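**Q** Each chain, letter by letter, is given below.
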Amino acid sequence: MRSQRSRMLACLTVAGLVAVGPGITRAQDVVKFGVSTPLSGPAAPWGIPHKNATELIFDEINAQGGLDVGGKKYKLEVVAYDHKYVIAEGVATVNRLIAKDGVKYVSILGGAVVKANEEAVNEGRVLNLPLAYADGLVSPKNPLTFHSFPAPPETTSFWKWVKQNHPSLKRVATISPNDDTGWWSIKVETTFIQKLGYETVAKEFFERTMTDFNPVLLRILTQKPDVISVLASPAGSVGLIIKQARELGFKGRFIHIGQVDTSVVANIAGKANVEGMWVHGFVQTPLPERIKSWQTRYTKKYGEWNATSIDFANPAFAFVAAVKKAQSFDPKKVADALGVVEFDNLWGKAHFGGKDYYGIGNQIIYPMPFSEVKDGVATLVTQLLPPHN
Amino acid sequence: MTPALFVQSAIIGVSLGSIYILMALGLTLMFGMMHIINFAHGAVYMLGAFVIYYVFFQGGMPYFVAFVASMVLLGIFGYLVERSIYRPIKGGIEPTLVALLALTTFLQAAGYPVFGQLDKHVPPVFPGTRNILGVGISIERLMIIPVAAALVIGLYLFINNTRLGAAMRAIEQDKEAAALQGVNVHVVNGLAFAIGFALAAASGALMAPIFKLDPMMGEQPLLKAFIIIILGGLGSIPGAILGGLMLGLIDSIVATALGAEPAFLLSFVFIIMLLLFRPTGLFGYAS
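First to last, the protein sequences are chains A and B. Position one of the first sequence corresponds to residue 95 (the working numbering), numbered consecutively onward. Position one of the second sequence corresponds to residue 19 (the working numbering), numbered consecutively onward.
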């Protein structure tokens, strides 16, 4: 009697373990997708649309019955945690996603956070679709990491456009966060622009908690730059940098070839101070029909429109396309599919490539949007492909 | 560094130092009287700034009304903290420290659901710049200096020319002796909490239109205030004033000349060197 009960208990345990499986709760046919992103703090203007965009895409698929794999429909669920752009919190949230929630697919935002989680992601054989800038992130040593947002090696393309359209600008100063993300971004950007003939007259870094940029800006302004690049800086910091630089008399341009919400920047810096700023990945007008439809759906669900969500929807689009192609939820098979699948994002056709530059084709490639703030509105000026395919 | 740049960074340093002084004054006042380090000071600075956001920006009231409201509301909050936390603990230094740390954590954590997850901003109260000695300085920053000076002078006059101020000085010197002379220690401690909180709120209220607002915005000023009261001498008001000015000038002039990182390191090197020769700080004394 006792051994029969033990056998039954063992069977139930095995059945339970099988049911929990790799990120799939089979009893409910739910696939969990982890999101570790800043939902509070200075980087929240990036994290909130990251989570919302992923949820919206999954909700729309779920509303149609779910994702069809092998003739069976699976519901997609986002499990999101706030890491506040603090590395320790980023490590804790990803560990929790992998160990407690059992997810096999994650999207992590933030270069320093993604780098800190490299080992956990690789050892856990977790598919990662990050939105992050960090040296060595797209690399053969991270075969399951597919970077889902154009990084500085891609977005530097825009400097060629600037050179052609604004040849009078010659002196560039940079100011970036004092971490992995900032260092790498500026290294890539300055190397590229120096080859184009620009003079880098100042290169400053700041702690992400900094609010008084006056001393740093005074140093920069003595070098009389034509353009100040604020690459990799979050919207709140960019707003303060612009406001304080204008107060100190800077009349030139600002450029952010990373991604920044210029409406958040303008709230802090003042609308007039942001005029003429160039940004990548944030466009308010004109929007293609596909994006207008996205805007309507996003606003209906979340109340407030956030243009950052356009490009931050990439991880979800890529994941869904790859699972459809692989007809499997096995992370390795999904990764293999990501290497070959072409899919639609909100700007057009996208794929993963960049093997010539990174040594592995795990960088998203699509026509990147760049805009200029005109009358307070981020207005699309061009769409460019990266220098590598 | 050119003379013009030096002047510009020095004026910015004095403005920054003025904020540091207000933060440090409340902290040192509470330490002098009750020997407690108020870890909640940074959170109170944050709340002071958010009062400006709601009363001035959202509520449409004049800035100076919002400024006074910020000081009064947070002053009352300080008195309530003394009544509900410090007094029941009976002035135990360690339990009070832990309780104030818990209060800070609670206020910061509650800030996100209450104030929202995105950074807030307050529009400029004094927009534009003014030319001083040939260099442009933001009027907002210039205005900090007289307002902070008025508050410092007001505090000085209060402490040195009123009966309550005399009671505060008496408690600072000897709490038991003061009580034997008829000083109501609880009431005066409550007043010290109220003044300390009000000064932190004033700092936050002055900075609200200059910087952005978020629930963690008080952490850096709190760190600076700790440095200042150690530099100036724990419990010393003149020390807090001199220390605040020195740190503001170091933060601005050294950071302009050498960069933010070297300035941060140098400020600590300077403090360590000073403490090696004067372990009690500039105006502190061994108890």
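For the record, the hints were derived by calculation from the structure and aren't laboratory data. Any given hint could turn out to be false.
Claimed, not checked - Straight line, CA to CA, 20 Å or less: simulated EDC-like cross-link-like pairs of lysine to aspartate or glutamate:
1) A:Lys167 - A:Glu154
2) A:Lys386 - A:Glu369
3) A:Lys395 - A:Glu149
4) A:Lys426 - A:Glu398
5) A:Lys365 - B:Glu158
6) A:Lys281 - B:Glu279
7) A:Lys167 - A:Asp424
8) A:Lys126 - A:Glu154
9) A:Lys297 - B:Glu158
Fair warning: this is a prediction, and the values are worked out from it, not measured in the lab.
**Q** So, against the hints stated earlier in the document, which numbers end up violated here?
**A** 2, 4 and 9
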